[in-house]
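Novice: Now for the letters of each chain:
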Amino acid sequence: MCITRVGKVVSVDSNKVEIEFFDGKRMKNVDASMVHASKGAMVEVFGNLALSVLTRKEAKRREAAWKSITSAAKGR
Amino acid sequence: MPNQLGYCGPDSAGELLAHLEDSSISQRMIRELMKFEAAFPYIRLIAASTGKEPFEYEVPEAYWIGNPLLDTVKTNEFYEFSHSTITKRERASVKKLFQLAGQRVVPHHSFHVISTFLPYISKDGPDLQNESTGKILQQVENCRISWGKVIEVRKRELVVERVPLEISERRFSVSSPRPSIVKYDPLVKPFDVVKPGDNVSLHWGFACEILTRGQLENLIRYTLLDIRTVNDMLARLKR
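Read top to bottom, the protein sequences are chains Y and E. For the first sequence, the working numbering assigns the number 1 to the initial residue and increments by one for each residue that follows. For the second sequence, the working numbering assigns the number 77 to the initial residue and increments by one for each residue that follows.
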């Protein structure tokens with residue numbers, strides 16, 4: 001299954017981007033045609049589709065939410 | 077194959093597949109399965125709510141395919157679970173989601189997937205062009221657990237008759253069956269004996285298991301429930 005995650009665009013190739021997530025993992029060939037994100041932008045990703053561009057503030061808020069979910073998954 | 081695409085979970089897809097291929101289990105495998113950030117919290121919820129252990133077969137089956145265990149998870153437990161595992165600032169969103177969903181929401185994988193896209197499908201969401209709606213639908217279709225009847229068995233592919241979803245007028249609906257080609261691993265039992273007429277569950281273009289008649293009925297029943305719930309939520313958002 002998938003979960004919506006937030007990451008930074010680290011490279012752009014037409015409508016395909018590479019994303020770096022908060023945990024350092026990277027994902028290539030993310031379809032950014034819905035958002036037209038530029039390098040450095042923070043985006044919300046589900047599967048291999050970038051859904052929206054986020055402000056830095058919103059991205060930080062999502063990061064905190066992500067951490068709380070992963071902590072819950074580990075039973076902490 | 078678990079997390080082969082890197083969308084959720086640990087980077088041990090090959091190792092998990094090896095366990096599936098030789099039908100073995102280990103403590104390390106269990107630890108790896110607990111690293112699936114999206115799936116495992118739901119599995120813990122269902123287990124805690126029904127007095128079972130997280131990896132008793134019925135528990136992940138309830139989450140993944142659907143079974144009557146889901147009916148015994150009270151909506152307020154689902155709400156409390158969702159509410160307590162996130163930061164304070166996100167709690168208003170969870171409260172609104174559950175208010176919109178009413179009493180019928182169940183911790184089923186397809187509900188998680190379909191409801192993820194509420195903000196984009198709702199009337200207040202972005203003005204999606206057909207192409208974008210198609211891309212969202214593609215994510216939903218790949219990620220939700222769907223079902224297909226095997227028409228033809230190839231070396232590592234199956235031709236199945238699959239029932240797709242549609243998005244029309246900002247609502248989800250079930251469409252008529254159509255042929256689709258999916259991958260499968262013949263080393264994972266019982267796919268060594270898969271045959272035309274079998275029904276299989278599908279996830280990201282991969283056949284995960286051969287469904288019993290009861291499992292197929294449950295998968296259809298809970299998927300339709302998820303769709304009704306999400307459509308009701310969308311209708312309430314329109315008001």
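Calculated from the structure, these hints are not laboratory results. Check the hints yourself; a few may be wrong.
The calculated DSSO-like cross-link candidates involving lysine-lysine, where the alpha carbons are at most 30 angstroms apart (straight line), are [as the list claims (entries may be wrong)]:
id, chain 1, residue 1, chain 2, residue 2
1, Y, Lys16, E, Lys199
2, E, Lys271, E, Lys231
3, Y, Lys57, E, Lys172
4, E, Lys171, E, Lys111
5, E, Lys111, Y, Lys60
6, Y, Lys60, Y, Lys28
7, E, Lys172, Y, Lys60
8, Y, Lys16, Y, Lys57
9, Y, Lys28, Y, Lys57
10, Y, Lys28, E, Lys111
11, E, Lys111, Y, Lys67
12, E, Lys211, E, Lys171
13, Y, Lys8, E, Lys199
14, E, Lys259, Y, Lys16
15, E, Lys150, Y, Lys67
16, Y, Lys25, E, Lys211
17, E, Lys111, E, Lys271
18, Y, Lys57, E, Lys211
19, E, Lys128, Y, Lys67
20, E, Lys259, Y, Lys25
21, E, Lys171, Y, Lys67
22, Y, Lys57, E, Lys150
23, E, Lys199, Y, Lys57
24, Y, Lys28, E, Lys172
25, Y, Lys39, E, Lys171
26, Y, Lys8, E, Lys211
27, E, Lys111, Y, Lys8
28, Y, Lys25, Y, Lys57
29, E, Lys172, Y, Lys67
30, Y, Lys25, Y, Lys60
31, E, Lys111, Y, Lys25
32, E, Lys199, E, Lys211
33, Y, Lys57, E, Lys231
34, Y, Lys39, Y, Lys60
35, E, Lys172, Y, Lys8
36, E, Lys171, Y, Lys60
37, E, Lys171, Y, Lys8
38, Y, Lys16, E, Lys128
39, E, Lys211, Y, Lys16
Novice: Hints first: check each against the structure and report whether it holds.
Specialist: Evaluated hints:
{"no.": "1", "hint": "Y:Lys16 <-> E:Lys199", "verdict": "28 angstroms, holds"}
{"no.": "2", "hint": "E:Lys271 <-> E:Lys231", "verdict": "12 angstroms, holds"}
{"no.": "3", "hint": "Y:Lys57 <-> E:Lys172", "verdict": "22 angstroms, holds"}
{"no.": "4", "hint": "E:Lys171 <-> E:Lys111", "verdict": "26 angstroms, holds"}
{"no.": "5", "hint": "E:Lys111 <-> Y:Lys60", "verdict": "22 angstroms, holds"}
{"no.": "6", "hint": "Y:Lys60 <-> Y:Lys28", "verdict": "22 angstroms, holds"}
{"no.": "7", "hint": "E:Lys172 <-> Y:Lys60", "verdict": "22 angstroms, holds"}
{"no.": "8", "hint": "Y:Lys16 <-> Y:Lys57", "verdict": "24 angstroms, holds"}
{"no.": "9", "hint": "Y:Lys28 <-> Y:Lys57", "verdict": "24 angstroms, holds"}
{"no.": "10", "hint": "Y:Lys28 <-> E:Lys111", "verdict": "22 angstroms, holds"}
{"no.": "11", "hint": "E:Lys111 <-> Y:Lys67", "verdict": "13 angstroms, holds"}
{"no.": "12", "hint": "E:Lys211 <-> E:Lys171", "verdict": "28 angstroms, holds"}
{"no.": "13", "hint": "Y:Lys8 <-> E:Lys199", "verdict": "28 angstroms, holds"}
{"no.": "14", "hint": "E:Lys259 <-> Y:Lys16", "verdict": "25 angstroms, holds"}
{"no.": "15", "hint": "E:Lys150 <-> Y:Lys67", "verdict": "26 angstroms, holds"}
{"no.": "16", "hint": "Y:Lys25 <-> E:Lys211", "verdict": "24 angstroms, holds"}
{"no.": "17", "hint": "E:Lys111 <-> E:Lys271", "verdict": "34 angstroms, violated"}
{"no.": "18", "hint": "Y:Lys57 <-> E:Lys211", "verdict": "27 angstroms, holds"}
{"no.": "19", "hint": "E:Lys128 <-> Y:Lys67", "verdict": "26 angstroms, holds"}
{"no.": "20", "hint": "E:Lys259 <-> Y:Lys25", "verdict": "26 angstroms, holds"}
{"no.": "21", "hint": "E:Lys171 <-> Y:Lys67", "verdict": "20 angstroms, holds"}
{"no.": "22", "hint": "Y:Lys57 <-> E:Lys150", "verdict": "35 angstroms, violated"}
{"no.": "23", "hint": "E:Lys199 <-> Y:Lys57", "verdict": "25 angstroms, holds"}
{"no.": "24", "hint": "Y:Lys28 <-> E:Lys172", "verdict": "34 angstroms, violated"}
{"no.": "25", "hint": "Y:Lys39 <-> E:Lys171", "verdict": "35 angstroms, violated"}
{"no.": "26", "hint": "Y:Lys8 <-> E:Lys211", "verdict": "21 angstroms, holds"}
{"no.": "27", "hint": "E:Lys111 <-> Y:Lys8", "verdict": "23 angstroms, holds"}
{"no.": "28", "hint": "Y:Lys25 <-> Y:Lys57", "verdict": "21 angstroms, holds"}
{"no.": "29", "hint": "E:Lys172 <-> Y:Lys67", "verdict": "22 angstroms, holds"}
{"no.": "30", "hint": "Y:Lys25 <-> Y:Lys60", "verdict": "17 angstroms, holds"}
{"no.": "31", "hint": "E:Lys111 <-> Y:Lys25", "verdict": "15 angstroms, holds"}
{"no.": "32", "hint": "E:Lys199 <-> E:Lys211", "verdict": "18 angstroms, holds"}
{"no.": "33", "hint": "Y:Lys57 <-> E:Lys231", "verdict": "50 angstroms, violated"}
{"no.": "34", "hint": "Y:Lys39 <-> Y:Lys60", "verdict": "18 angstroms, holds"}
{"no.": "35", "hint": "E:Lys172 <-> Y:Lys8", "verdict": "28 angstroms, holds"}
{"no.": "36", "hint": "E:Lys171 <-> Y:Lys60", "verdict": "21 angstroms, holds"}
{"no.": "37", "hint": "E:Lys171 <-> Y:Lys8", "verdict": "29 angstroms, holds"}
{"no.": "38", "hint": "Y:Lys16 <-> E:Lys128", "verdict": "44 angstroms, violated"}
{"no.": "39", "hint": "E:Lys211 <-> Y:Lys16", "verdict": "14 angstroms, holds"}
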